Every structure is written in C-alpha cells, then in structure tokens.
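Protein chains: 2
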Amino acid sequence: MTPLHALDAWEAAQRLARGELTAEALTRACLERTAGREAEVLAFAALDADAALARARALDAAPKRGLLHGLPFGAKDIFDTVDFVTAYGTPVYAGHRPVADAAAVALCRAAGAVLVGKTVSTELANMTAGPTRHPLRPTHTPGGSSSGSAAAVADGMLMLALGTQTAGSIIRPAAYCGVVGYKPTVGRVPRAGVKSVSETLDVVGGFARSVRGAALLGAVLTGDARLLPRDEAIATPRIGFARPPEWAEAGPDVVRAWDDARRALAPRARCADAALPTAYARLVPLQKDVMAHEAARALAFEHGLHHQRLSTPLVALLDAGAAIPGAAHAAHLSEAAAIGAAVDALFDDHDALLMPSASGEAPAGLAQTGDPLFCRAVSLLGLPCVHLPFTTGATGLPVGLQLVGRRGEDHRLLAIADWAMRHLTP
Amino acid sequence: MTPLHALDAWEAAQRLARGELTAEALTRACLERTAGREAEVLAFAALDADAALARARALDAAPKRGLLHGLPFGAKDIFDTVDFVTAYGTPVYAGHRPVADAAAVALCRAAGAVLVGKTVSTELANMTAGPTRHPLRPTHTPGGSSSGSAAAVADGMLMLALGTQTAGSIIRPAAYCGVVGYKPTVGRVPRAGVKSVSETLDVVGGFARSVRGAALLGAVLTGDARLLPRDEAIATPRIGFARPPEWAEAGPDVVRAWDDARRALAPRARCADAALPTAYARLVPLQKDVMAHEAARALAFEHGLHHQRLSTPLVALLDAGAAIPGAAHAAHLSEAAAIGAAVDALFDDHDALLMPSASGEAPAGLAQTGDPLFCRAVSLLGLPCVHLPFTTGATGLPVGLQLVGRRGEDHRLLAIADWAMRHLTP
Numbered sequence: 009m010t011p012l013h014a015l016d017a018w019e020a021a022q023r024l025a026r027g028e029l030t031a032e033a034l035t036r037a038c039l040e041r042t043a044g045r046e047a048e049v050l051a052f053a054a055l056d057a058d059a060a061l062a063r064a065r066a067l068d069a070a071p072k073r074g075l076l077h078g079l080p081f082g083a084k085d086i087f088d089t090v091d092f093v094t095a096y097g098t099p100v101y102a103g104h105r106p107v108a109d110a111a112a113v114a115l116c117r118a119a120g121a122v123l124v125g126k127t128v129s130t131e132l133a134n135m136t137a138g139p140t141r142h143p144l145r146p147t148h149t150p151g152g153s154s155s156g157s158a159a160a161v162a163d164g165m166l167m168l169a170l171g172t173q174t175a176g177s178i179i180r181p182a183a184y185c186g187v188v189g190y191k192p193t194v195g196r197v198p199r200a201g202v203k204s205v206s207e208t209l210d211v212v213g214g215f216a217r218s219v220r221g222a223a224l225l226g227a228v229l230t231g232d233a234r235l236l237p238r239d240e241a242i243a244t245p246r247i248g249f250a251r252p253p254e255w256a257e258a259g260p261d262v263v264r265a266w267d268d269a270r271r272a273l274a275p276r277a278r279c280a281d282a283a284l285p286t287a288y289a290r291l292v293p294l295q296k297d298v299m300a301h302e303a304a305r306a307l308a309f310e311h312g313l314h315h316q317r318l319s320t321p322l323v324a325l326l327d328a329g330a331a332i333p334g335a336a337h338a339a340h341l342s343e344a345a346a347i348g349a350a351v352d353a354l355f356d357d358h359d360a361l362l363m364p365s366a367s368g369e370a371p372a373g374l375a376q377t378g379d380p381l382f383c384r385a386v387s388l389l390g391l392p393c394v395h396l397p398f399t400t401g402a403t404g405l406p407v408g409l410q411l412v413g414r415r416g417e418d419h420r421l422l423a424i425a426d427w428a429m430r431h432l433t434p
Numbered sequence: 009m010t011p012l013h014a015l016d017a018w019e020a021a022q023r024l025a026r027g028e029l030t031a032e033a034l035t036r037a038c039l040e041r042t043a044g045r046e047a048e049v050l051a052f053a054a055l056d057a058d059a060a061l062a063r064a065r066a067l068d069a070a071p072k073r074g075l076l077h078g079l080p081f082g083a084k085d086i087f088d089t090v091d092f093v094t095a096y097g098t099p100v101y102a103g104h105r106p107v108a109d110a111a112a113v114a115l116c117r118a119a120g121a122v123l124v125g126k127t128v129s130t131e132l133a134n135m136t137a138g139p140t141r142h143p144l145r146p147t148h149t150p151g152g153s154s155s156g157s158a159a160a161v162a163d164g165m166l167m168l169a170l171g172t173q174t175a176g177s178i179i180r181p182a183a184y185c186g187v188v189g190y191k192p193t194v195g196r197v198p199r200a201g202v203k204s205v206s207e208t209l210d211v212v213g214g215f216a217r218s219v220r221g222a223a224l225l226g227a228v229l230t231g232d233a234r235l236l237p238r239d240e241a242i243a244t245p246r247i248g249f250a251r252p253p254e255w256a257e258a259g260p261d262v263v264r265a266w267d268d269a270r271r272a273l274a275p276r277a278r279c280a281d282a283a284l285p286t287a288y289a290r291l292v293p294l295q296k297d298v299m300a301h302e303a304a305r306a307l308a309f310e311h312g313l314h315h316q317r318l319s320t321p322l323v324a325l326l327d328a329g330a331a332i333p334g335a336a337h338a339a340h341l342s343e344a345a346a347i348g349a350a351v352d353a354l355f356d357d358h359d360a361l362l363m364p365s366a367s368g369e370a371p372a373g374l375a376q377t378g379d380p381l382f383c384r385a386v387s388l389l390g391l392p393c394v395h396l397p398f399t400t401g402a403t404g405l406p407v408g409l410q411l412v413g414r415r416g417e418d419h420r421l422l423a424i425a426d427w428a429m430r431h432l433t434p
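Residue numbers (the numbering used here), protein chains in the order written: chain A, 9 to 434; chain B, 9 to 434.
If we strip away everything but chain A, and leave its shape as in the complex, we get (with noise of 0.2 angstroms):
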C-alpha cells in the first residue's frame, strides 16, 4: 500500500472527501517524512509543523472549504505569507514578515489546504543557486529556480507546491525531479504578492505528482473548474511532434524519451511532426534579452540599492539589462508578438505540441541549477505547457518531456496530459 506522504493529491483529495483519511494524517505523514529528508533535501526556507497540524485539525472538524481541503502544501519563498518569513531567496530580505499573503497562496487556503511551510527558491527566482539538493542523487541540482517546491513534492515531502516559470522555473525542475510541473497561460493566475522579476514573463504555476493533482492546483490557481480532472474519455488527441531549433543540445536520455513516447502514442492519436515556424530560432535570443531588461527594470530597487548583497552573475545579468535600449526591448516584445501569432496557427492543426523540457538528467553540482534552454520559447510566448515525468534516463535519474498547449485553453491541455501520461506509464 502506498504511504499517505506518497499519495498522488488527486487520490489524497478524494479519500479526503470520501473521509477515508484525516487532514491531520495526511499532514502528519508529510511532516514525519520532511523529518526523515529534509536534513538531505535542503527544500525548506521556513517550515511550521505545530502549525500546519493545528491547521489540519480545525480543518478536519469544519465543513469542507474548497477543492483543496486537508491537502498539505508549500510556496516557494519568493511567495508573501503572513506566518512565514519570506525572503525572496536573498539575505537582502532576511526575516522579511510580509503583511499579506500572495493570492495564490490566499486561494489556495481558502480552497482548504495546509501551508506547511515555504520552499527554497534561486535567488530573487534567477539563476544562481540556493542549498536544495536533489532528492534521488544530493550531489545533483533539483533544477532552479523553484528548487525546494519540486523536490519537495518529488521526494514526498509536500503534496503540492507552487512555484514560478520566467524562463524555465517550473518546467525545468519539473524534469530534474521527476514531478508533474504546470505552467498556466501567462495572465490566468494572479501575480499579486510575488517577487516580481518581469513585467511580461512571470508565470504562476505549480507542481503535483500526477497530471490529476497538477490540474486539481490549477482549478485553484485559474479558479476555472474545467481544468478538474475528468473521467470521460477525451476525443483522439492530435499530438504534434515539435523538436525546436535547440535540438541539437537534446542528450541521448531525451531522444530516447522522444522516441519511447512516439511509439507509445502513435497507436492512439493522430501523432505528426509540427513544423515550427523558421522564425521559432529567434525565441531563445529573444527571451534572454527580454527577460534581463525585464528584470533590470521590476528590480530596480535591489539593483539600485543593494547591489553589494546580490550574487556577482546576478548583478552581471541586472547590469546587462539595463543596458539595453528601452526601443530595442520594445521591438523585441513585437518581434515575439508576430512569431506567437505563427505558433498560435499551429494549434488548427495539432491540440498539443510535444517537446524537450531539458537536455536531460539533472546535472552534477549544487552551485548551478542547469539550463532554461529548452523553456525559454515557450515562456516568452506565454503558452500553457506540462511537464510529463514517464521515464528515467541512463543514471537511474528523471527524464521526460513538455506537453505545450493552446493560450487560453488550459483545461485542454491538462486533459491531454493525463491521457497522454496513462499511455506513457503503462
């Protein structure tokens, strides 16, 4: 039998309903669990177990508050809490008490979950390294930048977790840790009360460890029921098959992933290759600039003021930034505008697009958290996408694949997801 700290949050929401389980269990199954591996995993920025069983117990006693009752999960730290300190990953803000929770946090207590406590995030949600381990291999970055929230959902420990993608923040650890990573489509899910790093590119999102329970957060999240799991069967699904221009840099793990799933699904969707616009080549650059004249301008106060307290390649990425002209970020922003609208035309043709979400396994190392390359594009077009875990490449480590869905059509894709992942793990 599987432990309750294992359970999938879909199957824990519904044993919770059918009362066949205690808030105050589940909770303390995750927290026994986090007491085993947290001195490992490094996940937590700030935990309160007294709290968050005190939580579990009134919950049990009350009448179900929403579709996440009894469910036990964490923010990462860039997220405000009330009952947490929340430091945005930087000693800038160490021991900062905010004087709001971030709404996605708030909605998701008002659906009836348990925060347990808050993940460790990058710092200020870029590129340079907190100390999370990754859960199967502590020699290993889980991914970054919301490192503690997918190893901690990966190894147990939280049932569901909310993270952030700007370039590949949800994705990327998604397929380091072998979870279930959501990105909703940019603007869906309130922005209000997390550290903002860019205007544009800052998604919401989050992690469970099945298609189901990464829908159920989503419903929460977008506040739109039809991203709940369903259990009517779903038209053949149109896959297409998308290798970007940054194929080249897809390992051996990754084709052999891409390679199982076409053989998987070809039986039972109209599988093709989707050919991406030549233009597609140009996201990447695109995105880098974007998002480090972005994240010169939403930190502009830290950058500013506390530049002696941020990381070296921080202050690199804020400095470069900011040195591109205002006019040069604007056509930018036009030039991604026209190729989104080519790619958005690809979705008359295939309901999904299937493509690499890393080079591979999680490398070695702690003082890094691998490459957004493969997440960029689709960050900068702000299309939903899935990270699917359904295989493990030639270290014993996670590898799968991103399932990328129309903008706006969230629920559509989620469903696909879960079909194409029953059909991935048989």
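I should point out that these hints are in silico values taken from the structure, not numbers from a laboratory.
Note that the structure is a prediction, hence the values are computed from the model and not measured.
Heads up, some of the hints might be wrong.
Claimed, not checked - With a straight-line Cα cutoff of 25 angstroms, these simulated SDA-like cross-link-like pairs (lysine to any residue) come out: (1) A:K72 x B:A324; (2) A:K296 x B:R415; (3) B:K296 x A:R415; (4) A:K296 x B:A233; (5) A:K296 x A:P333; (6) A:K72 x B:A233; (7) A:K72 x B:P333; (8) B:K72 x A:A331; (9) A:K72 x B:A328.
Claimed, not checked - Anything over 12 angstroms on all C-beta distances counts as not near chain B; from chain A, calculated: (10) P71; (11) P237; (12) A280; (13) L374.
Stated by the list, open to error - Covered by chain B, per the in silico footprint, the following chain A stretches (three or more residues, Cβ under 8 angstroms): (14) 98 to 109; (15) 309 to 316.
Glycine included, every Cβ here is placed at the ideal spot set by N, Cα and C.
Using the hints, position chain B against chain A.
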C-alpha cells in the same frame, strides 16, 4: 513670470539642466505651495518636507543622475516605498512600511527625482473615495482612484506624480483636474511593488501639467528614450474621431470640446471619423466583469480575511467577481482579444484616435469619484492613451479628450499628443 511651483516638469527639467534652477529651490517652492494648500485639497497620504529638501540639496551637490534630476514627484499610496508608510488606501494596512520601493518609484529616484510624499488613493485603488478634494472646487471630486496624484499636480504641489489605471484611474482624474494623464501600453512599465487589483488590467502611468512633462516621466517609466519630447516637426497626423458606443452619455461640455477639437485640428491634420467595430459595445460590460473577477482573485487575501474592514461597495464588487465562473472569465478575455485585434487594425488608417475621457466636468460630491465609463474599453484593450486638458466646461472646471494610440507605439502617441495640444490651446 510663472512661479516655480507652477512650472511644467519639462520646462523645469530644462532649467535645472542649464543650471538656472536648483533642485532645492524647486522642491522648496512645491513644498511651500503644499503648505498653503494641502489643508484644503488633502492630496497627500504622507509627506516629508525635510527629507525632500535634504534629498534635493544632495542632488544639487552631485552629478546629474538622470532625466528627472531634481524634479519633485509623488507616488499614489499603492506604490510601495521604504521611507513612507504605504497603506494602499485602506485602514487594513494603516502604518505599513514596505521593505522595498516599487520598481517605478525606484526608477524615478534612480533618474534623480525627489520623492516628496505619497498621494491619496481610493480604497485599494477601487471606487470608495479617499478624502481628496478638487483643487479648483473643494465640494467636487478630483476623480479616482489616483485622486491625490491628479489633484497635487493640478494644484502645483507636485511637478509629476505616479498613478495606476485599471478602469479609468489615470484618465478620469486627469480630466477632472485638468492635467495631462498618461497610461502606457499594458505590460511596458514594471508593476513590481504596486498593490495589484487586476492581473490583466492594471497599468502604471502618471500625471504632469504638459504632454512633454508626461512624456519625460513616461521615458523613465518605460525605459524608452523615444518617448522624450523632440523639437522636430512630425508628419501630418491622421486623427480618427472615434465616437464610442457610450457617446450618448457625453454631456454638452464634452460635445463642445469634441467640436472645438475638430475645428482646431482639421486645418492641420488629416481628420476623419473612425468607425469602431460593432462589437466595441461589448467592451464596457466585459471590462466590468474582467475587473470584478480579477479583483476578487488578486485581493483574495483581503476579501477572505479582512472583509469586515473593507467598504460595503468593495465587498459587493469582490463578491460579484468571485461569483463569475473561471470559464466565463476565460471567454471574456478571449472575446476582448478578438475585439482588440479589430481595433488594432484601425491604426492602419489613423495614427491616433480621439475619444472622450469622461462625460463632463468633475461631478459634485466627495462620496464618489465619478464614472470611469469612457475609460473602461481602452483599459480592457491595453492601449496607450493620453488625456489632453484643453478647455473648460459650463461651470469653469476643466474638460478635455483622450488620444488613444497603437499598442506599443507610445512614442508616436505622445508626439501626436504634444502636437495636438499646441493646436488645441493656442
């Protein structure tokens, strides 16, 4: 000779740059004006004259920092500031001291501007009025939600002020108070550190006493130097006179301003009627629903935990917004995007669209802030716009019109607005 406090920001910036004026003298002039007027206007939520003078003196002793060197400015009290209490217009956050400046505040300070104080916002930038009175007629509203910013700039207490617009919170108070209000293209100014009330609608912009002053501030906020005022002549602009579906709500003062504008501009521009798409009439009801739904989500923490300290109308708005299903909200955004594409196409034939900003002069009474009716559609479309204050109404209060530009082409909009104001106010 114009008293220093009444100088336009662009003129003041030129004099400061030429060494004809010191930051200290300019700041002192504004503070003296404030000392004489604030008890009647009540534009400020917080003010620190000594700190402003000290900062001005420091700037006078230092090399030029940037485009706003030595200019006194204010920020609506929903912008975080480290050195002023930031209460977001609600007793819920009375006494709150943020740990960082909002990005827009940091960008202005980095450009050398002197933050004099925080200006009154309506409750959480929604509809419940703050104490501010119309500077020309204290029994009338200055408009909202950026009430204090518009009133302080109109009255000569500030050169420049930051505001935000979600429905009509920049253009409407600018119209009532008779100042230039500039709302940039959505997504072009970082909202980091600004209390969010709507994920897709909120835009940071500002107020000045001339289009050139607003363009100077806009260049700093967007980082785009093309917005800066230029002396070369522009090509004969094509001005589309676009009567919105709500035209019947425009009062006689606005109809007269419309006719006056046509007479003044027709000899010098290619003026034509611009036919808005039939579906444009959907934008006002759509904007109301999008705003209510997103406000309920962005303010989920306050709605859930502090509803007893929110005003009855705000709670009613949030309740109504929370009752709109997420699937309906997604459909609203899609419908708005489709209408937006049709409106974008109008700019192939018109360089800018002239439209009403409000139905007339500032209405009597301080319990409300007027109706954002004529601003809602442009807010939902995310287009850049500038209020042009060029005449007065039947009772002597200011009246004007807004000029709406093509998405992302704020620099062209501001150049045309500058040209138009020269011919509207001979």
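Status of each hint after checking the structure:
At roughly 24 angstroms between alpha-carbon atoms, A:K72 and B:A324 fall within 25 angstroms of each other, so this suggested pair holds. Proposed proximity of A:K296 and B:R415 is supported: the alpha carbons are some 23 angstroms apart, at most 25 angstroms. Between B:K296 and A:R415, the direct Cα distance comes to roughly 23 angstroms. Compliance with the 25 angstroms bound is thereby established for this hinted pair. At most 25 angstroms may separate the alpha-carbon atoms for a hinted pair to count; A:K296 and B:A233 meet this at roughly 21 angstroms.
A hinted pair counts as satisfied when its Cα atoms are at most 25 angstroms apart, and A:K296 with A:P333 qualifies at roughly 14 angstroms. Of the supplied pair hints, the one linking A:K72 and B:A233 is violated, its CA atoms being roughly 54 angstroms apart against a limit of 25 angstroms. Restraint check: the Cα-Cα separation between A:K72 and B:P333 comes to about 20 angstroms, which is no more than 25 angstroms; the hinted pair holds. With a C-alpha separation of about 18 angstroms, the suggested pair B:K72 and A:A331 falls inside the 25 angstroms cut-off, and the hint holds.
Pair hint A:K72 plus B:A328 holds up; C-alpha atoms about 22 angstroms apart against a cutoff of 25 angstroms. The beta carbon of A:P71 sits about 16 angstroms from the closest Cβ of chain B, which is more than 12 angstroms, so the claim that it is off the interface holds. No beta-carbon of chain B is positioned within 12 angstroms of the beta-carbon of A:P237; the least distance is around 16 angstroms. The beta carbon of A:A280 sits about 26 angstroms from the closest Cβ of chain B, which is more than 12 angstroms, so the claim that it is off the interface holds.
Listed as a non-interface residue, A:L374 keeps its Cβ farther than 12 angstroms from every Cβ of chain B; the least gap is roughly 28 angstroms. Counting residues of the segment 98 to 109 of chain A whose beta carbon lies closer than 8 angstroms to any beta carbon of chain B gives 5, which meets the minimum of three for the stated coverage. Counting residues of the segment 309 to 316 of chain A whose CB falls under 8 angstroms from any CB of chain B gives 4; the rule of at least 3 is met.
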